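Colleague: Two chains, two separate frames, one set of hints: put the complex together.
In order, the protein sequence lines correspond to chains A and B. If you're matching positions, the first sequence starts at 417 in this note's numbering and goes up one per residue. If you're matching positions, the second sequence starts at 12 in this note's numbering and goes up one per residue.
Bear in mind the hints are in silico, worked out from the structure with no lab data behind them. On a predicted model such as this, the values are computed, not experimentally measured, just so you know. Built from N, CA and C at the ideal position, the CB exists for glycine as well. Keep in mind that the hints are not guaranteed to be accurate.
Stated by the list, open to error - Quick list of in silico lysine-lysine cross-link-like pairs, DSBU-like style, CA-CA up to 30 Å:
1) A:K540 / A:K450
2) A:K450 / B:K118
3) A:K540 / A:K427
4) A:K427 / A:K450
5) A:K444 / A:K427
6) A:K444 / B:K118
7) A:K462 / A:K450
8) B:K118 / A:K462
9) A:K462 / A:K427
Said to hold, decoys possible - Short, incomplete list of chain B residues facing chain A, as computed with Cβ under 10 Å:
10) D17
11) E33
12) P134
13) R152
14) I154
15) P158
16) T215
17) V219
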Amino acid sequence: MSEHPDADRIKRELEARVNVLESLVVEKALVDRKALDAILELYEHKIGPRNGARVVARAWVDPAFRHWLLTSPDQAIASLGYTGRQGEHVVVVENTPDLHNLVVCTLCSCYPWPLLGLPPSWYKSAPYRARAVIDPRGVLGEFGVTLPESTQIQVWDSNAEVRYLVLPMRPAGTEHLSEEALAALVTRNSMIGTDVLGAPDATAEVMR
Amino acid sequence: MNGVHDMGGMQCFGPIEQEVDEPLFHQAWERRAFALTLALGTSGCWNIDASRFVRESLPPVLYLEGGYYRIWLEALQQLLHRANLVSAAELSSGQAQPTAATPSPFKRLEAESVGPLFARGWPSTREARSPARFAMGDSVRTINHHPATHTRLPRYARGRTGTVHAIRGVHVLPDTNAVFAGEQPDWLYSIRFEASELWGPDSTASCVYLDCWQSYLISLDAGRSS
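Chain B on its own, in the form it takes in the complex (with noise of 0.2 Å):
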């Protein structure tokens, strides 16, 4: 989705505030948001694209006003809702309702389970099914899409020419599974993509690195299919 959310490059946010002794959170509300958003992040409901996808779906004023944590609240409640986890009736009087049973791929997080299950972490690799179409210093171009839907190619690396850097594995692809339409593992590249080509001559990088799955790339060497 072009959102606003899909930053990079923009010149207009002013300068970067930076906080000396910052504390872990700010206000007594935004840590428990944290915890809540990581607890029922594991029920099995939703995924993490699928969460970033409904955090930058949000209103643009309230996701460039509100500030990191308010935007967890605001999805939070809204992937409660959507998995039929909480109505909206509940949500603004607080009061549970007898409702039919708990969605069935509900899985609560039980305290004991913390350390050894955020210790793991949810890896988004998955096992290859057909070999990496691309090799390291292949060049490439990034595909031209402007999906209505969520996407993790950035707008400021659309169509633009790059080099393959190295090839990450087969990972699962957001651009589905923000969606629930499926996984649909791919090879992850990350492409280095010298500052002329993104920016013409109003950049101090010298390159930037990007990681791209297969589906976002298009070849540009002669004799290679794409």
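Okay, chain A solo, but in the shape it has when bound (with noise of 0.2 Å):
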């Protein structure tokens, strides 16, 4: 926490003791230090939630890949090669005008990772992990989404190895946009539930 006084002392004590435990375990062989910087080329440059957006515009322009990610998610997310850890079971659930999907793990912080990434602090928060699923319309509200009161808001608790991708509503006015402009509207929230996608000039000034 940076407001708090000692939090300096305390990252330096952190600084210090990650040192010490992989001088520690790579002098013991435990670790090799390339495999460490593999690991860190693949989240930070490989995977992220520009692989989800690939797959939604995807869902978007092609109606039979639609259906197979909805019926066959693992297959068909397999296609475009986002498999991988976190990511081994996935299931799309699909937002229309009157159902709209939100999803959580109220346990820990488990996130689709070939497709998102790494999640984002607040997914990873208390607040958010308590009341997504009591008050998600009050947690939409935070996010400033406001969803017709005839919408209805479901939940998706991640608490198995199942992973969840929300399929967002595919913008008005965006009829004559390439897939892979399409891909470039798709913000990460939209794709957990936080966010739903406007025209195109609107998505552009937030890009979430």
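Modeller: Next up, the structure:
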């Protein structure tokens, strides 16, 4: 916590502890530093919400892929190459005008890594984990999202090894856009369920 | 375990803090702790459920105040120590001591394996050894249990009635795997709980879906034995 008076001291201590731990496990040949570099390369440069956005855009332009994605998500996603750790078993849930989906992990912070990358801090935070399951409409309000009262909100608590991806609604006025341009409109939060996508101009400004 | 990690439905934590243009890691040490946790997590000396159990067993104030990677770091040190991969003296001094050979299940992650291994992941599905007891549409009630060990049935959904929405296949059971009592794979179901069943009138959700292992569920359909 940055406002904590001891924040700097704690930071220095943790920095030192991790350095000591890393040197120790490397010296004991339990860890290869090159493997650490490879892991960081993967999550810092190769895996992120653009992967999920490409899945969503493909589903918007290709009805056969959309059907495949909703019925056999693991195979459909694997066809685009976004498989792996914390995305071994994926279920895709589709938003409609009547039904909005929101994803949370109340017990820890489970998240579809191969599709969305590492979770943002708010997703891992107590306020989100606690309230998403009881007051999703209030939570959405904090994200600036107001849904019609007639829209039902269903919440997916990722308490097992199944990971959930929200298929957001395609924004109006995007009929002319290419798959690539559509993917650029898809925000990370829209695939968690804490964002709804507006017309292209509005989304470009926010890029959540 | 009835711990602070099981926070679904709590209302005391204040507003959700969102960070604009959030970096992947906020501190250099978080980046190292993340990579170390993932690398050592492939060692075969523990499993993801054991990791979660250690994390949720940390002191509650630390769990709530420490932040995500602080929790990971504390848990990693405990897991290394419990697996006899490092000693308490080594952890405090940082000096490797001549010790017995590395415990046998240990397998070091090599850099060239990272790509293929992480792209394959660690599926929790296992082969079915018996037919699924429940079918889509069945009415079920969750058990009311309060084990002092790991479980993935959150408190807010214990002793509650729901409907089988989907069958997810046979998955490793975290409750036993977390305490090294075997994977004991079991059928997993997506269960739909109406929000009113979970929260009475005090919810803005229409329903909440949870994945529940067969052993978490009791049949409510007449004529079907549970």
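Colleague: For the pair supplied as a hint, K462 (chain A) and K450 (chain A), confirm whether the alpha-carbon distance does not exceed 30 Å.
Modeller: Roughly 17 Å between the alpha carbons, so the hint for K462 (chain A) and K450 (chain A) holds.
Colleague: Could you grab the alpha-carbon distance between K540 (chain A) and K427 (chain A) and see if it respects the 30 Å cut-off?
Modeller: holds (20 Å)
Colleague: Holds or violated: is there a CB of chain A closer than 10 Å to the CB of T215 (chain B)?
Modeller: holds (3 Å)
Colleague: Verify the interface restraint on V219 (chain B): the C-beta must sit less than 10 Å from at least one C-beta of chain A.
Modeller: Since chain A brings a Cβ to about 5 Å from V219 (chain B), closer than 10 Å, the hint holds.
Colleague: Are R152 (chain B) and chain A close enough, Cβ to Cβ, to be under 10 Å, as the hint says?
Modeller: violated (17 Å)
Colleague: Is it true that the CA of K540 (chain A) sits at most 30 Å from the CA of K450 (chain A)?
Modeller: holds (28 Å)
Colleague: Should the hint that P158 (chain B) touches chain A count as held when the rule is a Cβ pair under 10 Å?
Modeller: violated (14 Å)
Colleague: Between K118 (chain B) and K462 (chain A), is the straight-line Cα distance small enough, at 30 Å or below?
Modeller: holds (25 Å)
Colleague: Let's test the interface hint: is any C-beta of chain A closer than 10 Å to that of E33 (chain B)?
Modeller: holds (5 Å)
Colleague: Does K427 (chain A) lie within 30 Å of K444 (chain A) when you go C-alpha to C-alpha?
Modeller: holds (26 Å)
Colleague: Does I154 (chain B) pass the interface check with chain A, least Cβ-Cβ distance below 10 Å?
Modeller: Hint violated; I154 (chain B) Cβ to chain A Cβ min 14 Å, cut 10 Å.
Colleague: Tell me if the interface restraint on D17 (chain B) is satisfied: Cβ within less than 10 Å of some Cβ in chain A.
Modeller: holds (6 Å)
Consistency note: the structure conflicts with the earlier hints numbered 13, 14 and 15.
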